[in-house]
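**Student:** Those sequence lines, one after another, are chains A and B. For the first sequence, counting from 1, position 230 maps to 230 in our numbering; every step adds exactly one. Going from the second sequence to our numbering is simple: count from 1 and add 275.
It is worth saying that the hints were derived from the structure and are not from the lab. Even glycine gets a Cβ: it sits at the ideal position worked out from N, Cα and C. There could be a bad hint or two in this list.
What the hints assert, rightly or not - Label-pair distances were calculated between CB atoms; the ranges are:
hint : chain 1 : residue 1 : chain 2 : residue 2 : range
1    : B       : Arg526    : A       : Ser218    : 14 to 20 Å
2    : A       : Tyr138    : B       : Tyr462    : 24 to 30 Å
3    : A       : Ser218    : B       : Trp287    : 48 to 54 Å
4    : B       : Phe331    : A       : Pro44     : 53 to 59 Å
5    : A       : Arg102    : B       : Leu553    : 17 to 23 Å
6    : B       : Tyr462    : A       : Leu132    : 53 to 59 Å
7    : B       : Lys318    : A       : Arg101    : 44 to 50 Å
8    : B       : Trp341    : A       : Ser218    : 32 to 38 Å
9    : A       : Ser37     : B       : Val352    : 19 to 25 Å
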Amino acid sequence: MRRLRHDRIWLWLARALVVAACLVPLYWILNVSLSTSAALYKTPLDYFPRPPTLENFRAVFRANQFPRNVLNSFAVASLTTLLTLALGSPAAYALARLRVRRKNLILAIFLGLAIFPAIGMIGPLYMAMARLGLINRYPALVLPYTLLSLPLAIWILTQFFSTLPGSLEDAALVDGCTPIQAFVRVILPLSAPGLATAAVLIFIFAWNEFLFALIMTSTPDSRTVPVALALFAGLHELPWGTIAAATVVSVLPVLALVALFQRRIVEGLTSGVER
Amino acid sequence: MIRRHETRLAVWLLTPALAFVVVLGAFPVFSQFVLSFTDLNLKFPAEQGFVGLANFARLAGDGVFWRDLGQTVKFTVVSVSLELLLGLAIALILNKVVRGRTAMNSSILMPWVLPTVVAATMWSLLLNDRIGLVNSVLGRIGLMDAPIVWLGPRLAMTSVILADVWKTTPFVAIILLAGLKSIPRQYYEAAEIDGAGRWATFRAITLPLLKPFIAVAVLFRAMDAFRIFDLIWVLTGGASRTETLSIYIYRVLFRYADVGYGSAMTVALFAIVFLMSLALIRFMRLSTEPR
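Excised from the complex, chain B in its bound form:
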């Protein structure tokens, strides 16, 4: 009796959210899959038709797609690795802060809550070759002879990664900080009694117990980094070999109005992100299982 009541209530409570998601979400997702098999182009709407896998074949031979995929992978791997290393260092540094914790947490959260567009605008000002703070400081301390063109062809990817690391390392640090706090104190006391050094303690206790947290942070960051759009769009517009897949898709969909091909690319990007998340989840399961 009560059980049936409960199920009925659950249905009532779940229906609005599910209906919303299915109507608004499933429809675009589904239509992307369908459109990826057509050659719909909004510039020539009359000529659309079913083309089977032609879009995917075109994708396989599209040099720009492969170049951008490579750049996206490079951006993701480098920035997420740096964020993980720096985030871990920051979490270790901030752990055990007693006085001033609120102030410190607030300041490291600031970059993360900033609109990405704002962070990007800010960095394009900081890195400006004539009036930027970075070049000014480098020049003043004598590390630079001629102004460095940070957003030019040679360094654009580095600068974009720098801005991303600045903005999202706090996220990683906060997650890892929570992880550090969850490790029972007794483990460290026991290690100290056994006379274990710092590095040994870190290797034997901190790192293994932190693994699930590392996995979550990396998963979230990698998914976002792989789909990065606004940061790069504002900083370089995708020029100087910084174009990522999302920006290429944006161009194809909204500049060339090539809906069929753009949809096929969206589906490909979704598949890549999906497989990447599955692989990461699998990896973290494997690495967190007790041996």
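Next up, chain A with everything else stripped away, as it sits in the complex:
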């Protein structure tokens, strides 16, 4: 009995340690973003903002195009999510529930794409986008992001569709639906949880992507948040408070997604691993 209680205390201590390890660095960014720059160079350091100031956040939204960058990130991530789901869900449905010839070849194409180094695709895609006059515009990011997130989306959705009972389409067909209607009117609405899972992961990927965003955009107005942030940091004698404030702003959307969809994200990450 004593041993059990002992164990429990250790277990909770370990859990607290894990949570602290994850959150303390994030807290530190928040702390720096709310501190004056004088406070940052004090020795010994203060571990909480004294006095707290919003000056850094004001600087972020006053200086340069940061609000514009946030807007760009939102637009690119949302459009990528929509396009990927529009292309991916019919394909996943076919792979999960219909008789498809050369299914393995098709899967191999999607998966092979997933392991090709992104750095190698950028050059040719850059030239293609430049020729189409799309550099610095949303499609130059949305199209490659869709390409990169399709394998994952198809993977998650295929797993999800195959868990639905097989009698669903039969019932729909008996009721006079065409097969395509069965998919659109019966399967898709029932798949809302799977679609949400895929959507959250795609959105996070697109919000966070850096390499393509760095190369496909060249004007401050067209940059997304990660690139703006990286170049911001490299620009001048590091205004740490402002960088921290920009960082806080840029992580709020993904942190909100985690808080709201924590279960979905876990499901998405582990789909296909569980059998």
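Keeping the supplied structure of chain A fixed, place chain B upon it in accordance with the hints.
**Tutor:** Quick look at chain B alone, frame taken from chain A:
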């Protein structure tokens, strides 16, 4: 009748995604392979031509390539091993949490969903030798005499690995947690009745049943770690012996505009990642087959 109908519908449903992938994806992949046999350099576009395997021969004799390959392997092996060990520990610790599971899952997901650039910026602030939290804490508890230069030549690789471990261990932990949850309770009850100790139970039940999950986590992590770019680019820019292959390729392609050589390196990197995944998949098949 129905069967033919079904196949036709499947073709209609698959065509948009496949067409998209082939037009947008196959074209760059294919052109990398073709370009790797040329000496195209965008600084001297007039002089390009077919050079056969010359780029690959140059690769074989390129000291920077081999140095960066070594550094990439080091980064991958060390960080993925640490992530696996820590991820397993965290999964075991978090398994069977009843109260506060949502809060705990959310907090361990946070590092993973952060943009890598943000995580890197954050760590360069935390590890800053003058105003960083890490040095401040170490100094205050008396573990440090002089400020440690975390991102300097001696410790840069360690710091980069530390940041990667912080960011991606949650991914491993989540996968392994799902694995732990999939192990039937009865096995543990049976082990307890047999009087097996904890270590024996872990060795005989948990670890073997967790193997497929470990394999998946390691596969995904190793593939990503081998192609790492943004974390290192922001933290060190590739200085202090932290340059990886992706960063070298970036330099060759976008700074020197040496498209032919850069493409050959891309193809080499692809081949390495491909072979590595095949080996890992084979290994996990072998190790999960019932004996």
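**Student:** Each of the hints needs a verdict: does it hold here or not?
**Tutor:** To see whether the hints hold, each was checked on the structure:
| no. | hint | in the structure |
| --- | --- | --- |
| 1 | B/Arg526 <-> A/Ser218: 14 to 20 Å | holds (18 Å) |
| 2 | A/Tyr138 <-> B/Tyr462: 24 to 30 Å | violated (52 Å) |
| 3 | A/Ser218 <-> B/Trp287: 48 to 54 Å | violated (39 Å) |
| 4 | B/Phe331 <-> A/Pro44: 53 to 59 Å | holds (55 Å) |
| 5 | A/Arg102 <-> B/Leu553: 17 to 23 Å | holds (21 Å) |
| 6 | B/Tyr462 <-> A/Leu132: 53 to 59 Å | holds (58 Å) |
| 7 | B/Lys318 <-> A/Arg101: 44 to 50 Å | holds (47 Å) |
| 8 | B/Trp341 <-> A/Ser218: 32 to 38 Å | holds (33 Å) |
| 9 | A/Ser37 <-> B/Val352: 19 to 25 Å | violated (40 Å) |
Hint compliance for this structure: hints 2, 3 and 9 are not met, and every other hint is.
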